[in-house]
Amino acid sequence: MTIYNFYIFDRNGVCLYYVEWNRRKQSGMSSEEEFKLMYGMIFSIKSFVNRISPTDVKEGFMTYKTSKYRLHFFETLSGLKFIMNTDLNVGNIRDILQQIYSTIYVEYVIKNPIIELDKPITSELFKTKLDDYMKGLPFFPAKVS
Amino acid sequence: MADEVLFDFLHMELVSYIHHSCVKEDNVKDTSIAKLESTGFRVGQSLIERFTKDSARFKDELDTMKFICKEFWNAIYKKQVDNLRTNHQGVYVLQDNKFKFLTQISNGKQFMESAPKYLAFPCGLLRGALSNLGVNCIVTAEVSAMPACKFQIQIQRS
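Protein chains in written order, with the numbering used here: chain Y, 2 to 146; chain U, 941 to 1098.
Be careful, since some hints might not be right.
To be verified - Straight line, CA to CA, 27 Å or less: simulated DSS-like cross-link-like pairs of lysine-lysine:
no.: 1; chain 1: U; residue 1: K1010; chain 2: Y; residue 2: K130
no.: 2; chain 1: U; residue 1: K993; chain 2: U; residue 2: K1010
no.: 3; chain 1: U; residue 1: K964; chain 2: Y; residue 2: K112
no.: 4; chain 1: U; residue 1: K1049; chain 2: U; residue 2: K1090
no.: 5; chain 1: Y; residue 1: K130; chain 2: U; residue 2: K1019
no.: 6; chain 1: Y; residue 1: K26; chain 2: Y; residue 2: K136
Said to hold, decoys possible - Quick list of the computed label-pair ranges, beta carbon to beta carbon:
no.: 7; chain 1: Y; residue 1: D132; chain 2: U; residue 2: V963; range: 43 to 53 Å
no.: 8; chain 1: U; residue 1: D943; chain 2: Y; residue 2: Y134; range: 18 to 28 Å
no.: 9; chain 1: U; residue 1: N1014; chain 2: Y; residue 2: M30; range: 53 to 63 Å
no.: 10; chain 1: Y; residue 1: F44; chain 2: U; residue 2: E1053; range: 33 to 43 Å
no.: 11; chain 1: Y; residue 1: E33; chain 2: U; residue 2: T1026; range: 54 to 64 Å
no.: 12; chain 1: U; residue 1: I1078; chain 2: Y; residue 2: V15; range: 17 to 27 Å
no.: 13; chain 1: Y; residue 1: R52; chain 2: U; residue 2: N1014; range: 49 to 59 Å
no.: 14; chain 1: U; residue 1: G1074; chain 2: Y; residue 2: E108; range: 47 to 57 Å
no.: 15; chain 1: Y; residue 1: K59; chain 2: U; residue 2: E1011; range: 19 to 29 Å
As the list claims (entries may be wrong) - A short list of chain U residues far from chain Y (calculated; beta carbon distances all over 12 Å):
no.: 16; residue: H951
no.: 17; residue: T971
no.: 18; residue: R982
no.: 19; residue: R990
no.: 20; residue: D1022
no.: 21; residue: H1028
no.: 22; residue: Q1029
no.: 23; residue: T1043
no.: 24; residue: Q1094
The set of hints was computed from the structure by calculation and includes no laboratory data. Virtual Cβ for every residue (Gly too), placed ideally from N, Cα, C.
Take these sequences, add in the hints, and give me the full structure.
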């Protein structure tokens, strides 16, 4: 049970925050390119899923799975996108992503007057709180490589 | 529903607005602190009228200070002042270990330079409240490690 990494994007595709804990293989391109690729892919999948859906759309795109990892996605009403890559043992963590939004992002980013909303997050307090929260989750590994 | 944050957000925007307009006008940052303090002064005066309209006269200065530390602080910041010290010669130091406007900013040293801006309005609030209670004073604030901060009140006897 592991969490590999975590991204936060805003409504315009700017990557506000990225952190990795256990990433064993790099993607072979610079961080900037990787963020653009991730955002573009998520945006395309989201609209594709909504269009091709044979029944009424309720939540839209939530997660995809490969034989090695699973990607979870949560979008808020304000267009903020939270993306987390975990291993396959983890179930649906949509409500965890929602909790991260409401208790950590809103508390320490929105309520912090010094942080500008469309720039990457620099607050140490946010980083610490997020780290503590992640380490408290049951599927975070006890040893970190 | 979101009552407490209304004041927080309004204060955040007030500081940012006054700061930007001062920097644009005459390129001096200190006038923004003075403006925020005088705004707080006026608000403090009215607030204290409202809070004390039913209470009895205060016995002495120390009693006034205790009222400020308990009821006044509680009504505005939803908590009491953690520590009150005095040298019995007109200087009081109020210490708040988790000041409401600083808790979300940082947990130590980051963003220290911007902290004084957010303390100007509270200083004015204190000064206004005390002035309407008949106590003329000077209020200054200092931050060594967020979110704790100290307000120093110097009574002026003439």
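Status of the hints after comparison with the structure:
1. U:K1010 <-> Y:K130: 30 Å, violated
2. U:K993 <-> U:K1010: 16 Å, holds
3. U:K964 <-> Y:K112: Holds. U:K964 to Y:K112 sits at ~25 Å (cutoff 27 Å).
4. U:K1049 <-> U:K1090: 16 Å, holds
5. Y:K130 <-> U:K1019: Satisfied, since the Cα-Cα distance of roughly 23 Å is no more than 27 Å.
6. Y:K26 <-> Y:K136: Distance of about 22 Å is within 27 Å: holds.
7. Y:D132 <-> U:V963: 43 to 53 Å: 35 Å, violated
8. U:D943 <-> Y:Y134: 18 to 28 Å: 26 Å, holds
9. U:N1014 <-> Y:M30: 53 to 63 Å: Roughly 55 Å apart at Cβ, these two residues keep to the hinted range, so it holds.
10. Y:F44 <-> U:E1053: 33 to 43 Å: With a Cβ separation near 38 Å, Y:F44 and U:E1053 satisfy 33 to 43 Å, so the hint holds.
11. Y:E33 <-> U:T1026: 54 to 64 Å: Taking Cβ atoms as reference, Y:E33 and U:T1026 lie about 57 Å apart, which means the hint holds.
12. U:I1078 <-> Y:V15: 17 to 27 Å: Between U:I1078 and Y:V15, where Cβ atoms are some 45 Å apart, the hint is violated.
13. Y:R52 <-> U:N1014: 49 to 59 Å: With Cβ atoms ~55 Å apart, the hint holds.
14. U:G1074 <-> Y:E108: 47 to 57 Å: 40 Å, violated
15. Y:K59 <-> U:E1011: 19 to 29 Å: Cβ of Y:K59 to Cβ of U:E1011: about 50 Å, so the range 19 to 29 Å is violated.
16. H951: The claim breaks: U:H951 does not keep its Cβ more than 12 Å from every Cβ of chain Y (closest is about 8 Å).
17. T971: With a cut-off of 12 Å, U:T971 remains clear of chain Y, as the shortest Cβ separation is near 19 Å.
18. R982: At about 22 Å from chain Y, U:R982 clears the 12 Å cut-off, so the statement holds.
19. R990: 26 Å, holds
20. D1022: Holds, because the least Cβ-Cβ distance between U:D1022 and chain Y comes to about 20 Å, which exceeds 12 Å.
21. H1028: U:H1028 clear of chain Y: closest Cβ-Cβ about 37 Å, beyond 12 Å.
22. Q1029: 37 Å, holds
23. T1043: Violated, because the least Cβ-Cβ distance between U:T1043 and chain Y comes to about 9 Å, which does not exceed 12 Å.
24. Q1094: With a cut-off of 12 Å, U:Q1094 remains clear of chain Y, as the shortest Cβ separation is near 28 Å.
Hints 1, 7, 12, 14, 15, 16 and 23 from the list above are not met by this structure, while the remaining hints are.
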